[in-house]
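Undergrad: For the protein sequence lines, the chains are A and B, in the order given.
Quick note: the first sequence uses this note's numbering, first residue 1, plus one each step.
Quick note: the second sequence uses this note's numbering, first residue 1, plus one each step.
Check the hints yourself; a few may be wrong.
Looking from chain A toward chain B, a few residues come up when the C-beta cut is under 7 Å (computed) [what the hints assert, rightly or not]: (1) Tyr77; (2) Val90; (3) Glu104; (4) Met107; (5) Pro112; (6) Ser114; (7) Ser217; (8) Thr219.
Calculated from the model, a selection of chain B residues having no Cβ within reach of chain A, i.e. all distances over 10 Å [stated by the list, open to error]: (9) Ile46; (10) Val90; (11) Glu210; (12) Lys237.
Computed beta-carbon distance windows for the label pairs [to be verified]: (13) A:Pro136 / B:Pro112: 40 to 50 Å; (14) A:Ala164 / B:Asp151: 41 to 51 Å; (15) B:Glu122 / A:Glu230: 45 to 55 Å.
Honestly, the hints are just simulated from the structure, not real lab data.
Remember, it's a predicted structure, so these values are computed and weren't measured experimentally.
We put the CB at the ideal spot given by N, CA and C, even for glycine.
2 protein chains.
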Amino acid sequence: MKIAILGGTGNIGKGFALRWGQKHEIIIGSREQDKAKAVASEYNEILEKYGHKTSITGTDNKTAAEKAEIIVVAIRYNQLAPVMDLIRPVIENKIVISVVVPMERNMCYISPGSSYPRAPIESKDFNTEYFCFSMPELGSAAQEIFTMIPDNTELVAAFHTVPARKLANLDMELDYDIGVCGNSMHAKEIVFGLVNDISNMRPLDIGPLETAGMIESLTPLLINVAARNEMKDVSLKFI
Amino acid sequence: MKIAILGGTGNIGKGFALRWGQKHEIIIGSREQDKAKAVASEYNEILEKYGHKTSITGTDNKTAAEKAEIIVVAIRYNQLAPVMDLIRPVIENKIVISVVVPMERNMCYISPGSSYPRAPIESKDFNTEYFCFSMPELGSAAQEIFTMIPDNTELVAAFHTVPARKLANLDMELDYDIGVCGNSMHAKEIVFGLVNDISNMRPLDIGPLETAGMIESLTPLLINVAARNEMKDVSLKFI
Numbered sequence: 001m002k003i004a005i006l007g008g009t010g011n012i013g014k015g016f017a018l019r020w021g022q023k024h025e026i027i028i029g030s031r032e033q034d035k036a037k038a039v040a041s042e043y044n045e046i047l048e049k050y051g052h053k054t055s056i057t058g059t060d061n062k063t064a065a066e067k068a069e070i071i072v073v074a075i076r077y078n079q080l081a082p083v084m085d086l087i088r089p090v091i092e093n094k095i096v097i098s099v100v101v102p103m104e105r106n107m108c109y110i111s112p113g114s115s116y117p118r119a120p121i122e123s124k125d126f127n128t129e130y131f132c133f134s135m136p137e138l139g140s141a142a143q144e145i146f147t148m149i150p151d152n153t154e155l156v157a158a159f160h161t162v163p164a165r166k167l168a169n170l171d172m173e174l175d176y177d178i179g180v181c182g183n184s185m186h187a188k189e190i191v192f193g194l195v196n197d198i199s200n201m202r203p204l205d206i207g208p209l210e211t212a213g214m215i216e217s218l219t220p221l222l223i224n225v226a227a228r229n230e231m232k233d234v235s236l237k238f239i
Numbered sequence: 001m002k003i004a005i006l007g008g009t010g011n012i013g014k015g016f017a018l019r020w021g022q023k024h025e026i027i028i029g030s031r032e033q034d035k036a037k038a039v040a041s042e043y044n045e046i047l048e049k050y051g052h053k054t055s056i057t058g059t060d061n062k063t064a065a066e067k068a069e070i071i072v073v074a075i076r077y078n079q080l081a082p083v084m085d086l087i088r089p090v091i092e093n094k095i096v097i098s099v100v101v102p103m104e105r106n107m108c109y110i111s112p113g114s115s116y117p118r119a120p121i122e123s124k125d126f127n128t129e130y131f132c133f134s135m136p137e138l139g140s141a142a143q144e145i146f147t148m149i150p151d152n153t154e155l156v157a158a159f160h161t162v163p164a165r166k167l168a169n170l171d172m173e174l175d176y177d178i179g180v181c182g183n184s185m186h187a188k189e190i191v192f193g194l195v196n197d198i199s200n201m202r203p204l205d206i207g208p209l210e211t212a213g214m215i216e217s218l219t220p221l222l223i224n225v226a227a228r229n230e231m232k233d234v235s236l237k238f239i
């Protein structure tokens, strides 16, 4: 299949390109076309070292979306509206996969002892940072995207729990579960296939798009787990 | 320690009583005192069969909270306000553990094919049910509880991902991770100990109370995973 990865020069884009590039035609999309071309060459070189003949290409986000059958939206939440505006005219009858997570970094005070401060704390007293899911009014980034795509475009939310660094390391087996949300079983089954294309990953159906907020909120949760429990590149398994 | 389990006659209360009753003094709380006494006897009998001498007792929610050092709030979300009103006068300087999850069950339509219906669907077309985290205005049930307890009462959110049936089956090893949220390290460390008291469970610090929404939303997520992927009594591990 032809897969566009919008925001494909970012952390997670590299891993998708290297994993799927072995089997599919990958088009890296970016706001900066030159950067997209440069990383496409870099990804081709890596795959060649692993013995794969590939033809990953790089271009701007709109051209990438236009050329592909499947469009992976792997951009920051604050870039969502302009990028969707840009690609809307060229994604009819295609499948959009959202990896987008709205989250925020905050600071707060955690008391070491049982004297439990409840009064407003001065910022100088903050002693810990944490990440939280920043729920959009519609419940999730995916539900916002749903309002930004043509009627006949299918939408799936998935891959929010993939550690980017491990995904981009082809020597790593990724024995993780990937939650998949969406209202089209046709599109979800195609995404199940893309999950299965990545070493040991297992796709799990979570339900309709309305469940995407629970999946998106796993990303800040995993960041907290890693930071507070001396773990690295954390993902999860449902057992 | 003396541990009150409010709503202790429910599904999850049985497991807590059986697991912690081997080491701690358990007081089952319920709106119906007679029911609490009956299940306490039942739990004692089960533990005796496993060779444990126990003295689990049952009483009303308020008396249970008054007698204990640690109060586990294992009630339904819609019972939260009246129960917290009831126990507020007797929980100063104690530790409250919230297992409460605000969630809702909904119905929707999932299209089997790529014709992707976006128009409002008639209820007769609904073909699937799903559960969602129903985020309270303050972000989580735990943050609501924080507004309902005295200033010197410590609050921790934990145990939202424990499958009740497996917890209540003492033959089962529970090789699961338990996320723990709260603003008092003192209280969290006590809860880490309670997690470690249960076979193979591992406590993970998630962060302050502000992160509780991400943990509470794991419960409806796990229900969806189980229902849609032919799995049973699902929990999770961070790896």
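Undergrad: Per the CB criterion, is Val90 (chain A) less than 7 Å away from chain B?
TA: At about 17 Å, which exceeds the 7 Å cut-off, the nearest Cβ of chain B leaves the hint on Val90 (chain A) violated.
Undergrad: Ala164 (chain A) and Asp151 (chain B), beta-carbon distance inside 41 to 51 Å?
TA: holds (42 Å)
Undergrad: Using the C-beta atoms of Glu122 (chain B) and Glu230 (chain A), is the stated range 45 to 55 Å upheld?
TA: 53 Å Cβ-Cβ, so the 45 to 55 Å window holds.
Undergrad: Does the claim that Lys237 (chain B) lies off the interface hold, with its Cβ farther than 10 Å from every Cβ of chain A?
TA: About 5 Å separates Lys237 (chain B) from the closest Cβ of chain A, which leaves it inside 10 Å; violated.
Undergrad: Under 7 Å, Cβ to Cβ, is where Thr219 (chain A) needs to be relative to chain B, so tell me if that hint holds or is violated.
TA: Hint on Thr219 (chain A): violated, closest Cβ of chain B at ~9 Å, above 7 Å.
Undergrad: Any CB of chain B closer than 7 Å to the CB of Ser114 (chain A)?
TA: holds (4 Å)
Undergrad: Please check whether Met107 (chain A) passes as an interface residue: C-beta within 7 Å of a C-beta belonging to chain B.
TA: Interface hint status for Met107 (chain A): violated (10 Å vs cutoff 7 Å).
Undergrad: Since Val90 (chain B) was said not to touch the interface, does its Cβ keep a gap of more than 10 Å from each Cβ of chain A?
TA: Check passes; 17 Å lies beyond 10 Å.
Undergrad: Would you check whether the claim that Glu210 (chain B) is not at the interface survives, using Cβ distances to chain A and the 10 Å cut-off?
TA: Non-interface label fails for Glu210 (chain B): nearest chain A Cβ at 6 Å, not farther than 10 Å.
Undergrad: Any CB of chain B closer than 7 Å to the CB of Ser217 (chain A)?
TA: With a minimum Cβ separation of about 5 Å from chain B (threshold 7 Å), the hint on Ser217 (chain A) holds.
Undergrad: Any CB of chain B closer than 7 Å to the CB of Tyr77 (chain A)?
TA: Since chain B brings no Cβ nearer than about 16 Å to Tyr77 (chain A), farther than 7 Å, the hint is violated.
Undergrad: Since Ile46 (chain B) was said not to touch the interface, does its Cβ keep a gap of more than 10 Å from each Cβ of chain A?
TA: holds (25 Å)
When each numbered hint is compared with the structure, violations occur for hints 1, 2, 3, 4, 8, 11, 12, 13.
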